[in-house]
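Given these sequences and hints, build the entire structure.
Going line by line, the protein sequences match chains A and B. Just so we're aligned: the first sequence equals residues 1 to 113 in the working numbering. Just so we're aligned: the second sequence equals residues 1001 to 1117 in the working numbering.
All the given hints hold, so there is nothing to weed out.
Just a few of them, taken from the derived set where beta-carbon distance is under 10 angstroms, the chain A residues facing chain B:
hint: 1; residue: Y31
hint: 2; residue: L43
hint: 3; residue: S92
hint: 4; residue: Y99
hint: 5; residue: G104
Just so you know, these hints were derived from the structure itself, not from any lab. A virtual CB, placed ideally from N, CA and C, is assigned to each residue, including glycine.
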Amino acid sequence: GEDVEQSLFLSVREGDSSVINCTYTDSSSTYLYWYKQEPGAGLQLLTYIFSNMDMKQDQRLTVLLNKKDKHLSLRIADTQTGDSAIYFCAESTASGGSYIPTFGRGTSLIVHP
Amino acid sequence: DAGITQSPRHKVTETGTPVTLRCHQTENHRYMYWYRQDPGHGLRLIHYSYGVKDTDKGEVSDGYSVSRSKTEDFLLTLESATSSQTSVYFCAISEEGSPSGITGELFFGEGSRLTVL
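What follows is the structure in structure tokens.
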């Protein structure tokens, strides 16, 4: 099957920027997503980017997509302790009229005061 | 928050016993999914449904079966639980052409933690 790879851990200091990276193998990916999982909860969509876009900015979040290298990144500016969570990269491709995401293993972001 | 309820939220059972997890939604979404989450493996799709009585396998479907007799309910059954099925199970729902306009956006339940001894 298609793979989505991301590093397992990232530790940053409060106030710094965090950059979480992801690579994927499916060149026909249509949508790429970042989901956030807080402790004891399910995943929630944080942001997404369509495959014909290079960048998307939403307040403190910046998503960069390098389609040639199949590389996606999520930058969180001014990282806060409340940003501590697991961040999942996911990609989806149209299949029979549906878009079922394939998830990476998740990156645990630890924010130190 | 999307109206998704998983039950039970926690269950401890013994090897060889049957287990059924229930996912109930109040959103009338077409698609429903069961994922399992394990350390080091992230989220893996078990089965999904694209309508009443319409289901398909995911990447880790062995040992699991599902049923969807109503739009709002999606059941995951472990016919004979094994220790390798100890995991946190998440139900998710989605609808094409969702109000947010994001195709493929999933809404997740809070998870069911299953321990098989």
